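A.B. asks: Starting from the given sequences, assemble the full structure and let the hints guide the process.
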Amino acid sequence: MIEQTPRERPVNILIKAAGYSSILFVTVIFIFLMREGLPALANVKLSSLLGTVWYPIEGYFGIWPLFFGSLIVTLTAILIAIPLGVGTSLYISEIAPMWIKNLLKPLIEILAGLPSVVLGFIGIQVAVPFMRQSLNLPTGLSGLTGAILLAFIATPTIVSISEDALNTVPSAYRQAALALGATQWQTIWNITLPAARSGVITAVMLGVGRAIGETMAVMMVTGNAPVMPHGLDAIFLPVRTMTATIASEMGEVATGSPHYQVLFFIGIILFTLSLTINVIASWVSTRGRKRSERSLS
Amino acid sequence: MTDGLQSNPVLISSHRQQKISYWMVRLITLITVLPILAIVIYIIVKGAPSISWQFITDFPRNGMREGGIWPAIIGTFYLTLGTAVFSVPLGVAAGVYIAEYASDNRWTRLIRIAIINLAGIPSVVYGLFGLGVFVLFLKFGTSILASCLTLSIMTLPTIISTTEEALRQVPYSFRVVSRSLGATHWQTTWRIVLPQALPGVLTGVILGLERAAGETAPILFTGVSFFLPQLPNSILDATMALPYHIFVISTSVPGMPIRIQYGTVLVLLVFVLGMNLIASIVRIRARAKRQW
Amino acid sequence: MDKIIITHLNLTYQDGTESLRDINMTIAANAITVFFGPAGGGKSSLLRVLNRLNDNADVTRLEGQVLLNGKNILDPDVNPVELRRKIGIVFSRPVPLPLTIYENIAYGLRLMGENNKSCLDDAVEKALREAVLWDEVYDRLHDPAIAVSGGQQQRLCLARVLALGPEVIMLDEPTSALDPVSTAKIESLMQELKQRFTIIWVPHNVQQAARMADYAAFFLQGELVEFAEDKRLFVFPKDKRTQDYVEGKFG
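Chains as they are written, first to last, in the numbering used here: chain A, 1 to 297; chain B, 298 to 589; chain C, 590 to 840.
Hints in this document: simulated from the structure, not taken from any laboratory. Computed from a prediction, not measured in an experiment: that's the story for all the values here. Where is the CB? At the ideal position from N, CA and C, for every residue including glycine. Keep in mind that a hint or two might mislead.
Said to hold, decoys possible - Label pairs and their computed distance ranges (CB to CB):
hint	chain 1	residue 1	chain 2	residue 2	range
1	B	Asn305	A	Pro106	37 to 43 Å
2	B	Phe434	A	Arg132	43 to 49 Å
3	B	Ser531	A	Leu24	23 to 29 Å
4	B	Met321	A	Asn102	18 to 24 Å
5	B	Ser577	C	Lys675	43 to 49 Å
6	B	Gln588	A	Pro6	30 to 36 Å
7	A	Arg9	C	Gly739	38 to 44 Å
What the hints assert, rightly or not - Partial list, derived from the structure: chain B residues whose beta carbon lies under 7 Å from chain A:
hint	residue
8	Val393
9	Ile395
10	Gly417
11	Pro419
12	Leu425
13	Phe426
14	Phe544
15	Val562
16	Val569
C.D. replies: Okay, here's the thing in structure tokens:
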């Protein structure tokens, strides 16, 4: 159906192949993870995998400590990042004068571009001693330190996507509210922000995805102790995330060994988690867009 | 607004509420943004004393505790270049397909889902994949090639998305006019649409490569080594690289002088922020020169 | 002489908009045929059928025959790319391509593989002279095309089409975005050009239709209501719907 000369056919075919290549890559990644990781279920007892001790040298492959490590660090990070991210996006998109906006946006982009190993380094040099002194912790390496770093890593994602969502809210909404006597803030808080709800939720979910997948920064400051967190003060103790586990142990395992397979299995878990988050996020964002299209037409 | 304030208690309190809320939001923004500035300035201040011509061009000595970091710098450069070679043609072509060729059907939606998922895969899982496929299965070994291929797939979604976005910005009317003058689909894309979208594409490419340059986890088991006596000779050799170097010298080398650590971090920071700056300049100049 | 003969043309889009119902008409050579009528009548759709610009659109039904010089252009073995060089179109908003003035005119020729500089120079000058634009831009041919005024841009779009040596020139509300002076320039230009080309003109109001028409066709909701060989359609319309529209009772 596309107009092309015979000489152009190969070019158009190559372009089409390139377009479909991403499907190929996702599939291949999935297959490979499965190929190397599923055997773990055969070679390691399920009871061991579901156990709470991670001590591979002695054959203990309990994944729960790692999962919960990721969980509490990510959760804490998101609790910090949501107010930071949404608040900043509100300020930039609704309140800030143009010249401040033009200063802030590049700054957020700089944060987005900072390599996580650089943030981890600053974490070691600055955040860890600070945590040690101010909270009286033995080393300052803790889940909380990692969560703070993660919060900064996730914030640019939340800021830019929320900002897009807020900009998409039709100005007619704001003007109507103001005409009815609302203050600027009342408009922002009661009208604009709820209208951008689905976009902001998408932003937060993608921030969560970013946080779960982060490796280096957390590896450098969380203490890397694969123990089951218990009690509310677990966040002040060293933990280890799934990502850090793979990164620190992969270099030393024998190819094909049970340890190797379990690490790939953890990779499958991470892949599935991020797949789920992304699918839900894109569903939320599509549904929100359809809803706003309906109400505006 | 000020006249009614003196007499109307409701207005006074909602106005005060706005003042408080505004200041809270300003504070939150400050808390978010100030550390960024602080980090950058801090690194510059503490790292600058180490920067010298020798630091950049010398090889490391005494277990990295002295000398320069040239192999790590050149390694990062090779990795970035190699990633560009694989990811840019493929990514731009894929973006062209989605924006200009694909019709809105089930397959196209599948492609979009695939791209979103590629974008969300944790970097360390890319490292696992690279290890399994390129290092082991295809037997490239721990090599620049394996790392570049891994980083390329990781960078692909960024380049595809920004290319698509840049192409969509080009006015639709250009395509209609071009077609009406007897152009084929490819001719319109190649002669009019892609050249107009080029600055946007370039910006996306630079930002994608910037991220690839700073990543550690994907190259961890696919291509880097901490200590290599000489520079890599071929793409099947392993290499040193700045992000990995920073990681090791800041966590695993006893007696590592702190100023060398900051110096190395500063070099990587300059590399990454420099790319950011170039991308911004491209974007701003393109906006000024736009012909529509 | 009949340049284009349209028989039993039916067109339906996937979303049901602007279709054409059983159109039968002829377009005379070396004359201006005017398609007029209210919006949604099918005029633009018919233009796009003639140069097959809607080939990729969501068309669910396209039947009938359109003979150009005796050959049915709706045949699958007709190359639409070549067809569009024979049947050119000027749109309602001037759309200069993001190129220089020179390159805009040369664009169609370069597409055909013509890259010889002196050939292109001659062709560009000829086309600009035909469009009565040469004297205004000859000294800035390598400036960006968007730098010229609206009326000049529209003549540029015309010159772009003329450079390809078409047989038919279609103009879809070409002066709707222009001031009266530019409008008058283009109207008189087309009266000149009709001696050598077949012109189809979609006006943006009835008065312009009356001014320009050698032949007039009134379209309403996809149907060709009335067709006349001169301007009598505007003074003594046969169909009441035509009369109502011409008198301004709806539109």
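A.B. asks: Decide, hint by hint, whether the structure agrees.
C.D. replies: We went through each hint and held it up to the structure:
{"no.": "1", "hint": "Asn305/B - Pro106/A: 37 to 43 Å", "result": "42 Å, holds"}
{"no.": "2", "hint": "Phe434/B - Arg132/A: 43 to 49 Å", "result": "45 Å, holds"}
{"no.": "3", "hint": "Ser531/B - Leu24/A: 23 to 29 Å", "result": "27 Å, holds"}
{"no.": "4", "hint": "Met321/B - Asn102/A: 18 to 24 Å", "result": "23 Å, holds"}
{"no.": "5", "hint": "Ser577/B - Lys675/C: 43 to 49 Å", "result": "48 Å, holds"}
{"no.": "6", "hint": "Gln588/B - Pro6/A: 30 to 36 Å", "result": "32 Å, holds"}
{"no.": "7", "hint": "Arg9/A - Gly739/C: 38 to 44 Å", "result": "40 Å, holds"}
{"no.": "8", "hint": "Val393", "result": "6 Å, holds"}
{"no.": "9", "hint": "Ile395", "result": "6 Å, holds"}
{"no.": "10", "hint": "Gly417", "result": "4 Å, holds"}
{"no.": "11", "hint": "Pro419", "result": "3 Å, holds"}
{"no.": "12", "hint": "Leu425", "result": "4 Å, holds"}
{"no.": "13", "hint": "Phe426", "result": "5 Å, holds"}
{"no.": "14", "hint": "Phe544", "result": "5 Å, holds"}
{"no.": "15", "hint": "Val562", "result": "5 Å, holds"}
{"no.": "16", "hint": "Val569", "result": "6 Å, holds"}
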